[in-house]
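Q: Here is what each chain is made of, one letter per residue.
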Amino acid sequence: MTVVSVERDFEELTLVLVAEFAAPVERVWQLWADPRQLERWWGPPSHPSTVEEHDLSPGGSVTYSMTGPEGEISRGWWRVTAVDPPRSLEFTDGFADASGAPNQAMPTTDARVRLAEHDGVTRMELRFKFASAKRMKQLEEWGAFEIFPQSVAQMDAVLADDNPTQEDP
Amino acid sequence: MVVADGEVDRLFHALADTTRRDILHRCIDGEPSVSRLADGYAMSFAAVQKHVATLERAGLVTKRRRGRETLVRTDAETIRRARAVLDELEAAWRGRVDRMAALLAEMPESPDG
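Taken in order, these protein sequences are the chains called A and B.
Using this note's numbering, the letters of the first sequence correspond one by one to residues 1 to 169.
Using this note's numbering, the letters of the second sequence correspond one by one to residues 1 to 113.
Worth flagging that the hints you see were computed from the coordinates, not collected in a lab.
Every value quoted in this text rests on a predicted model; they were computed, and no experiment measured them.
There may be inaccurate statements among the hints.
Stated by the list, open to error - Partial chain B-side listing against chain A, Cβ under 8 Å, derived:
#1 VAL34
#2 ALA38
#3 ASP39
#4 GLY40
#5 MET43
#6 VAL97
#7 LEU104
#8 SER110
Said to hold, decoys possible - Residues on chain A that point at chain B, a partial pick, calculated with CB under 10 Å:
#9 VAL80
#10 ALA82
#11 PRO85
#12 MET124
Yeah, the Cβ is synthetic: ideal placement off N, Cα and C, and Gly gets one too.
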């Protein structure tokens, strides 16, 4: 199993995914650091991707385009916020318009990659935090997400039940 | 506030109040009437009705009439949307991790060292 765990935190609106690879940490780092390798795993097979800019230094950018089955092109970007090869990389991932300029109307995701090697196996922890930081901060200040963990747990119970809740007993 | 984000702003505004969050909880698994909801709060029926209207505008609850009562229910779809966002992200990254593993198997040595 490559993916060993996935944890969701609705309160923080984060997703943490841990994977293990039978490869040294430097080799796994190359998947991120070499644009030719990056473009081979970034997009799904139906959407081959091309990495254009690729500067993994703090403040640096990565830009890419993906071509869909109908020939439609979508573009995206990363803004690198912190980097410590071959152990960690942090960046903001966003959408771009047709010219490659960041699309401000679309949400961004903050991503953090941590790599650690033990006995020839590299553990990769990916942590994603959703939405623009400003929006998330507002939500947290207002305590808006207090509702989500409970609501989601309750919704799961309700949705798991095939019979809809009795409307008129 | 950006005007184009109207929907998001309504959602945030609706969630920014303790009473409204409490109403959401109470309307998840049941479908209380506005008057029954109002019994639970130290405020007027009209004030509770106003909170319900705010939640309805944000798409967080739906209302329906039964006889003389208005029944309130939390909209599963809105809660589901919060999950869907995480679902999509997880699916995308599971695919990426699989492709990384395939690439490592195909190229055990990186051409760049």
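Q: Would you mind marking each hint as holding or not holding in the structure?
A: A quick look at each hint next to the structure:
1. VAL34: Given a least distance of 17 Å, the restraint on B:VAL34 is violated.
2. ALA38: Violated - the Cβ of B:ALA38 stays beyond 8 Å from chain A, reaching only about 20 Å at its closest.
3. ASP39: Where the cut-off is 8 Å and the nearest Cβ of chain A is about 20 Å from B:ASP39, the hint is violated.
4. GLY40: violated, 17 Å
5. MET43: violated, 20 Å
6. VAL97: holds, 5 Å
7. LEU104: The hint holds - B:LEU104 has a Cβ within 8 Å of chain A, the shortest such distance being about 5 Å.
8. SER110: holds, 4 Å
9. VAL80: violated, 18 Å
10. ALA82: violated, 20 Å
11. PRO85: violated, 12 Å
12. MET124: holds, 8 Å
When the structure is compared with the earlier hints, violations turn up for hints 1, 2, 3, 4, 5, 9, 10 and 11 and for no others.
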